[in-house]
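Student: Sequence:
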Amino acid sequence: MRRCYISVGGNIRPEEAIPRALDMLHSVCPIRAVSTFYRTAAIDRPEQPPYLNGVALILYGGQPGLLKRDILRPIEAALGRVRTADPYAARPVDLDVILCGTLVVDESGLRLPDPDIRERVFLAAGLLELEPELILPGTALFIQDLFTQEQRDTLVPDMPFTTALKERFHA
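The working numbering puts the sequence shown at residues 16 to 186.
No wet-lab data here; the hints were simulated from the structure.
Watch out, some of these pointers could steer you wrong.
As the list claims (entries may be wrong) - If you anchor each label on the Cβ, the simulated ranges turn out as follows:
#1 P34 <-> E134: 24 to 30 Å
#2 P34 <-> E144: 15 to 21 Å
#3 A155 <-> D38: 33 to 39 Å
#4 T154 <-> R35: 30 to 36 Å
#5 A57 <-> R88: 19 to 25 Å
For clarity, every value in this text was computed on a predicted model and none was experimentally measured.
Note that the Cβ used here is the ideal one computed from N, Cα and C, for glycine as well.
Could you put together the complete structure from these sequences and hints?
Tutor: If you want it as C-alpha cells, here you go:
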C-alpha cells in the first residue's frame with residue numbers, strides 16, 4: 016500500500032460536497048489524515064465563490080492512474096461535477112492525485128508529483144502539515160522549501176470545517 020495524497024476542493028456548496036466525497040473515498044480507500052482546509056479565491060475567476068481546499072492522505076495499493084479514473088472521477092460525477100473545456104469552471108468537488116508514494120509519473124492526464132504543488136501554496140501547506148519531512152519524488156526539494164512562512168501565513172484556514180473533518184475521519 017502506498018501513501019497517496021489527494022487534493023480535495025470545491026466551490027459549489029463545498030461544505031456539503033467535500034464531506035460526502037471523502038466518505039465515498041473512505042469507503043474504498045482508508046483515509047489516514049486530512050489537512051487543514053483553506054478558503055481560496057477561484058483562479059482567474061473573480062466572479063466565482065471561493066474554494067475550500069485541502070489534502071487527504073489515503074492508502075492505496077493500485078496504480079495512480081486507476082485511482083484517478085476508477086475512484087476519484089466517479090466520485091466527482093456522483094456529486095455533480097461536470098467536466099468542461101474550462102479547467103477553472105465552478106464545481107462541487109475536485110479530486111486529484113497529487114502524490115503517490117515515491118512514484119514519478121509523466122503521462123497524458125497524470126503527472127506525479129503534480130506540478131500544482133509548486134504553484135498553489137494550499138497544496139504545499141497541506142502536504143507540509145501531513146508529512147513535514149517530505150521530499151518531492153524525483154527532486155531534491157523539501158516540501159517546506161517550496162513556499163516561505165510568509166506565503167503560508169496568507170492562507171485563510173476554515174477551522175470549524177477542518178475540525179469536523181478531522182473528527183469524522185479520526186485524523
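Student: Does each hint hold? Answer for all of them.
Tutor: Checked hints:
In this structure, P34 and E134 meet the distance hint of 24 to 30 Å, their C-beta atoms being roughly 26 Å apart. Under the hint 15 to 21 Å, the C-beta atoms of P34 and E144, about 19 Å apart, fit the expected range. Restraint check, A155 to D38: a C-beta distance of roughly 37 Å satisfies the suggested window 33 to 39 Å. Range check, T154 to R35: Cβ separation about 34 Å, and the 30 to 36 Å hint holds.
For A57 and R88, the Cβ-Cβ distance of about 21 Å falls inside the hinted range of 19 to 25 Å, so the restraint holds.
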